[in-house]
Amino acid sequence: MAIAREVFEQASTHRPQFTAPLGLSEALVRDISGQKHEPAWMLAKRLVAFSRFQQTPLPHWGPSLAGLNLDAISYFVRPDARESKTWEDVPVEIRDTFEKLGIPEAERLALGGVGAQYDSDMIYHNLKADLAAKGVIFENMDVAVHQYPELVREYFMTNCVPVHDHKFAMLHAAVWSGGTFIYVPKGVKVEIPLQAYFRMNTERGGQFEHTLIIADEGSDVHYIEGCSAPKFAAAALHAGCVEIFVKKGARVRYSSIENWSKNTFNLNTKRAVVDEGGTIEWLNGNMGSGTTMLYPMSILRGRGAKSDYLGIAFAGPGQHQDTGHKVAMIAPDCSANVLSKSLSGGGGKSTYRGLVRVTGGAAGARVKVQCDALLLDGVSTSTTTPVMRIERGDATVAHEATVGRLGESELFYLQSRGLTEQEAIRTLVGGFLEPVVRELPLEYAVELVKLIELEMESVA
Amino acid sequence: MKLTLHPSAPARLIPLSEDERLSLVDPRELVVQEGDKQNWNEVTIIGRGERRSVSLDVRVEPRAHGQMIRIFVVPEGARLTILHKVRLAEAASWQNVICIRGRGEVKIRRAIEVLGTGAEVRLACLGVMDDFSRISVSDEIFSHASHTKNDLRTKIVLNNAARSEVRGRIVVGEESTQSNSYERLDHLVLGDQAGAVAIPELEVKTDNVKCGHGATSGRPSEAELFYLLSRGLSLTAAERLLAQGFVSDALHGLPERSVQDALATMFN
Chain E
1 MAIAREVFEQ
11 ASTHRPQFTA
21 PLGLSEALVR
31 DISGQKHEPA
41 WMLAKRLVAF
51 SRFQQTPLPH
61 WGPSLAGLNL
71 DAISYFVRPD
81 ARESKTWEDV
91 PVEIRDTFEK
101 LGIPEAERLA
111 LGGVGAQYDS
121 DMIYHNLKAD
131 LAAKGVIFEN
141 MDVAVHQYPE
151 LVREYFMTNC
161 VPVHDHKFAM
171 LHAAVWSGGT
181 FIYVPKGVKV
191 EIPLQAYFRM
201 NTERGGQFEH
211 TLIIADEGSD
221 VHYIEGCSAP
231 KFAAAALHAG
241 CVEIFVKKGA
251 RVRYSSIENW
261 SKNTFNLNTK
271 RAVVDEGGTI
281 EWLNGNMGSG
291 TTMLYPMSIL
301 RGRGAKSDYL
311 GIAFAGPGQH
321 QDTGHKVAMI
331 APDCSANVLS
341 KSLSGGGGKS
351 TYRGLVRVTG
361 GAAGARVKVQ
371 CDALLLDGVS
381 TSTTTPVMRI
391 ERGDATVAHE
401 ATVGRLGESE
411 LFYLQSRGLT
421 EQEAIRTLVG
431 GFLEPVVREL
441 PLEYAVELVK
451 LIELEMESVA
Chain D
1 MKLTLHPSAP
11 ARLIPLSEDE
21 RLSLVDPREL
31 VVQEGDKQNW
41 NEVTIIGRGE
51 RRSVSLDVRV
61 EPRAHGQMIR
71 IFVVPEGARL
81 TILHKVRLAE
91 AASWQNVICI
101 RGRGEVKIRR
111 AIEVLGTGAE
121 VRLACLGVMD
131 DFSRISVSDE
141 IFSHASHTKN
151 DLRTKIVLNN
161 AARSEVRGRI
171 VVGEESTQSN
181 SYERLDHLVL
191 GDQAGAVAIP
201 ELEVKTDNVK
211 CGHGATSGRP
221 SEAELFYLLS
231 RGLSLTAAER
241 LLAQGFVSDA
251 LHGLPERSVQ
261 DALATMFN
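Protein sequence lines, in the order shown, are assigned to chains E and D. Take 1 as the starting number for the first sequence in my numbering and just add one per residue. Take 1 as the starting number for the second sequence in my numbering and just add one per residue.
Just chain D, with the same shape it has in the complex:
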């Protein structure tokens, strides 16, 4: 089956800049065959001062299921750009979790087109950003079929003077009746100099849908911190534990090994 981009709302994947094109490695086109199940789980450590762009074009055919967990370590001076473009057919599902431990600059752009009835997409982006690092995330889901499920979550922990700009957009098209969409953008701010921008957008063009979004930005709860400190933890350890809890719920349902890898990379 050949999938084509939907003409009314093409995905707005930002093209690579000249700099990003030069640093492009590992451009991949993946097809999850009809009725198949595929999992990818990878950890990538970017070199100090390295610039790297990774690009992925995925097609998930009818009744196929793809799950991809990508974990990146981005040290100081490194720059990482991630581009994903995904199209889903009827009753297909796609789950993608990107985990970042960053001290450098990170740019993530994902555009998902949900074209088949009953398709399901779950996107998550989790980050722990340190020092003067920068992360910019733009995720878009275009739902063009009925009975779809769309879930978009971003959870970023900001230490020191890290900065984050996160934009999520779900477009529920006229054909996307009986769909269920949810979007959530959360920042846990631990650094006094840290800053966050969140723009959770929803565009709904039909009525028979469930759709919601939420966004939060704040420090750990005083009561939770007090509880942990009173049990003998240092402030650093208590904050780390709360930060783990903050990101962990977005890892729910992933294989145990992947959850361990993600948490170990982000918090050790």
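The shape of chain E in the complex, shown without the other chains:
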């Protein structure tokens, strides 16, 4: 797929079927629930969250949210399209957008199932027949509320990300729409990845998709999310939520490349709860959005649970990427490995903000955290704020961080071999990011590298 900036930043001509007036009210929360014909318990959850949201101030830490006017966002935008199982049934202007993003092609080549969301609704969802035959559920979250009420009621914003978790989790719970529900039965290994792509197309829009993954005992699944939005002058808001339950001996790999436009505030919540012998693997690429606050978290609550985190953030002109990883260990013999890489250029700010918490019950905990930052010029900023809270004597915790610039001798060497300065910089940046990129499937690794190159063009 040829990647050009216009692919991500051009808005489609599609006219939505319904656009909520700007701002948030209880009436709107009720209307969203009503339009979706939700059960009473879900409406009650939304209303509790909305009430808590109104009473909770904005966070007093992290990047500035001064440019975010919560009264100037449209919280619910329904495209004029019903969810389809074939791309031919998707309205042509929406289909064009996803064709340009390469989603149908990727589905044909390398994916076991695909979901595509446009503004507030899923417009496409399909799972390969052999996976469905094994009992794998891959469904639009709105549909799952009706089709799998017991599972959704038990796991949806209960003890992974409760509705009162923080200001933007409350907002999400009040106005969530769309997203993905995945259930992998006991012992089932999903050999090829499942993917969802989230596209915001409306000016002053908000997207609040909810992803809920339940990997039952001994199962294995790789889920990939991609996100983008066109560039508008007015601010947009993305406050999604990802909840992952990794049961005994299961493994979930969650990969996400977020490439929102520069006018987007990306205030996202991602969390996994891991049981005995389970493994959660996070791979997060954060680019695009003007302001990001995103700290995926692993709660290791079963003996021998494991968390691996790989993260890349790119902060270009006018951007503040405030990202990191949190891990809490509450059971014996847990381990976590964190590798975070950030690039700042053109005056961009990147912040690593992490937490390692080893509680009194986490005997023999082992944690390694490494965060490396590369500054591409003298006007950009890098900050690291890792917190390590260790409540046991037998925990082994190590943290290392480096901040530096591109080596002049390496640049000189590459240029003396005939590379231009920009080619030499791209080569060195590629080497810096290689430990993360090599963990992605080939198609996504190529896409991530191209995205980084696009971002670097704006810095140059």
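Keep in mind that the hints were calculated from the coordinates and are not lab data. You may find that some hints are simply not true.
Calculated pairs, DSSO-like style, for lysine-lysine (alpha carbon to alpha carbon, straight line, at most 27 Å) [what the hints assert, rightly or not]: (1) E:Lys349 - E:Lys450; (2) E:Lys186 - E:Lys248; (3) E:Lys349 - D:Lys210; (4) E:Lys349 - D:Lys149; (5) E:Lys85 - E:Lys128; (6) E:Lys134 - E:Lys248; (7) D:Lys210 - E:Lys368; (8) E:Lys100 - E:Lys349; (9) E:Lys262 - E:Lys167.
To give an idea of the interface, some chain D residues facing chain E are shown, with a C-beta separation under 10 Å as derived from the structure [stated by the list, open to error]: (10) Val31; (11) Glu174; (12) Val189; (13) Gly191; (14) Asp192; (15) Ala194; (16) Gly195; (17) Ala198; (18) Pro200; (19) Leu202; (20) Val204; (21) His213; (22) Gly214; (23) Ser217; (24) Gly218.
Residues from chain E that keep clear of chain D, each with C-beta distances beyond 12 Å, as calculated [stated by the list, open to error]: (25) Asp31; (26) Ala66; (27) Asp80; (28) Ala129; (29) Ala132; (30) Tyr155; (31) Asp220; (32) Pro332; (33) Ser344; (34) Leu355; (35) Gln370; (36) Asp377; (37) Glu391; (38) Gly418; (39) Lys450.
All figures in this text were calculated on a predicted structure; none of them were measured in a lab. Even glycine gets a Cβ: it sits at the ideal position worked out from N, Cα and C.
Following the hints, put chain D in place on chain E, whose structure we already have.
Relative to chain E, chain D alone:
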């Protein structure tokens, strides 16, 4: 030469509480004169149940060098607060090591402003904390000039149910090109009930710098313990020897007498 606080990032030295102000003894203002060299080496034993605050305001003038080693014994029930504020001019250097043997409560706040080109600062805080003692350390270095060297190390040994909260912060300002900064916060945890919090922060606002930080928390290595036990040492003696080795590398470069005083106070 008159030094002024840098307007863009003033040191965030926490003011004394009412309780600490009442117990303030020995507030000192020191000036290390241009081209001069000064050393301070002192051992202070706090009385049982005593509350004491010590405050120090230091100015190190161009090409001057100051070295201060302060060793404190803080018994059970005692409370000690240490406040240091230091400003360094061009080509000046300042080395400050605080060693604590504690069974009481200790609070350390140091804010260093590196204002002159080529200035060098080395801060260390070493502690051996016993029983139910508490230690809270917050060290900040603000580098506002080029070619500076900034080194911040904290090494705390936690016995029994001792608790430690350590925060280190190095801010490398836009003017601080070609500077070299390193920060390390380590805990050696010997007590089963002990707990530690470490927050090593870095804020880097220019690219032409070397900057890194690290933090560790853990028990002594099983292999090292086994080696020492197999040579006939008791577990207590082996752990003490490893704890001495753990803190000793932060004493490197100090006068022999100071190293002996520090180790004797912390481990005897």
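Tested hints:
no.	hint	result
1	E:Lys349 - E:Lys450	21 Å, holds
2	E:Lys186 - E:Lys248	10 Å, holds
3	E:Lys349 - D:Lys210	18 Å, holds
4	E:Lys349 - D:Lys149	24 Å, holds
5	E:Lys85 - E:Lys128	11 Å, holds
6	E:Lys134 - E:Lys248	19 Å, holds
7	D:Lys210 - E:Lys368	22 Å, holds
8	E:Lys100 - E:Lys349	30 Å, violated
9	E:Lys262 - E:Lys167	22 Å, holds
10	Val31	33 Å, violated
11	Glu174	7 Å, holds
12	Val189	4 Å, holds
13	Gly191	6 Å, holds
14	Asp192	5 Å, holds
15	Ala194	5 Å, holds
16	Gly195	5 Å, holds
17	Ala198	4 Å, holds
18	Pro200	6 Å, holds
19	Leu202	5 Å, holds
20	Val204	5 Å, holds
21	His213	5 Å, holds
22	Gly214	5 Å, holds
23	Ser217	4 Å, holds
24	Gly218	4 Å, holds
25	Asp31	44 Å, holds
26	Ala66	20 Å, holds
27	Asp80	48 Å, holds
28	Ala129	51 Å, holds
29	Ala132	47 Å, holds
30	Tyr155	32 Å, holds
31	Asp220	32 Å, holds
32	Pro332	14 Å, holds
33	Ser344	9 Å, violated
34	Leu355	10 Å, violated
35	Gln370	10 Å, violated
36	Asp377	6 Å, violated
37	Glu391	5 Å, violated
38	Gly418	25 Å, holds
39	Lys450	24 Å, holds
Hints 8, 10, 33, 34, 35, 36 and 37 from the earlier list are contradicted by this structure; the remaining hints agree with it.
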